[in-house]
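Engineer: Make a model of the complete structure from these sequences and hints.
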Amino acid sequence: MIKRFFSVSSSPAREFAHIMRRRVKAPREVNVGDPHSKIYRNSPEVPPYPYGKATFYKQSNRGLYGGKVLQFGHQISDYGNKHVRVFRLNVQKVSLWSEILQRNVPIRVVTSVLKTITREGGLDNYLLKDKAARIKELGPAGWALRYEVLKKLEQVERTAPKPIGEIDGKPLYAKVQRNGVEYGVVVGKTRLLKELHTAENYPSTLKAFMNDHQNASIDDILTKLANHTDINPYIVAL
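Numbering (UniProt numbering), first residue to last: 1 to 238.
Among the hints, a few may not be true.
To be verified - Calculated pairs, SDA-like style, for lysine to any residue (alpha carbon to alpha carbon, straight line, at most 20 Å):
| no. | residue 1 | residue 2 |
| --- | --- | --- |
| 1 | K129 | E99 |
| 2 | K131 | M20 |
| 3 | K68 | F56 |
Said to hold, decoys possible - Restraint ranges, calculated between C-beta atoms of paired labels, are given here:
| no. | residue 1 | residue 2 | range |
| --- | --- | --- | --- |
| 4 | K131 | E166 | 31 to 37 Å |
| 5 | R88 | N215 | 53 to 59 Å |
| 6 | R191 | Q155 | 14 to 20 Å |
Hints in this document: simulated from the structure, not taken from any laboratory. On a predicted model such as this, the values are computed, not experimentally measured, just so you know. Every residue, glycine too, gets a C-beta built ideally from N, C-alpha and C.
Structural biologist: Given below as structure tokens:
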């Protein structure tokens with residue numbers, strides 16, 4: 001018979017109490033005119049985790065542990081003999097798919113966090129939730145992964161094609177002349193290149209194909225695509 005000397009039900013405040021009690025080193029302030037020795041040699045790649053690293057159960061700094069640590073209790077026999085024991089976490093080494101990063105992320109995860117990731121709808125949704133409790137349970141590894149996902153989102157948004165107008169409720173990305181008639185292109189250049197890569201059965205990867213055609217105009221891409229398939233879904237007469 002195994003008994004614990006602590007309550008099974010715990011409030012969120014008590015669950016993350018050990019995280020809130022961590023002593024985090026104050027960041028060094030750098031001002032104009034400070035000596036060169038006081039300036040950081042290299043800027044940090046990831047913003048510092050606001051709750052610092054774990055000083056107890058340090059392996060939680062290298063995975064998604066949900067703020068959980070080892071628990072200690074007693075194993076009590078039928079005769080009342082009491083032995084101290086440790087309740088360890090169920091840690092799994094998994095590879096989770098990130099839709100934003102477009103790759104599998106190998107990481108250590110406890111099963112309770114794995115259930116939360118499934119319930120949230122994937123790793124990206126789990127990392128991007130900005131509730132205070134979620135930030136506390138991410139840990140340094142989750143915080144770094146969250147920063148990588150946010151940086152990728154910013155890059156995608158910055159490089160995404162910007163519409164120049166709107167027609168029939170659809171975004172207008174460019175205007176082209178075909179057979180003396182002006183048409184509006186309602187899909188971006190990336191979408192057209194993906195369709196052309198599939199239509200031509202290009203031998204290399206999509207990334208290499210897009211690098212080879214990065215300077216091609218939308219008009220040239222449509223001309224090549226018209227030799228393989230119908231381009232009417234991508235253009236609208238103006």
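Engineer: Are the hints correct? Go through all of them and say.
Structural biologist: Hints, verified against the model:
Of the supplied pair hints, the one linking K129 and E99 holds, its CA atoms being roughly 15 Å apart against a limit of 20 Å. Note on K131 and M20: the hinted pairing holds, with a Cα-Cα distance of about 15 Å set against a maximum of 20 Å. Among the hinted pairs, K68 with F56 is consistent with the structure: their alpha-carbon atoms are about 11 Å apart, no more than 20 Å. Roughly 36 Å separates the CB atoms of K131 and E166, a value that falls within the hinted 31 to 37 Å.
Look at R88 against N215: about 57 Å separates their beta carbons, and that is inside 53 to 59 Å. Checked against the hint of 14 to 20 Å, the C-beta distance between R191 and Q155 comes to roughly 18 Å, which is consistent with it.
Every hint from the earlier list agrees with this structure, and none is contradicted.
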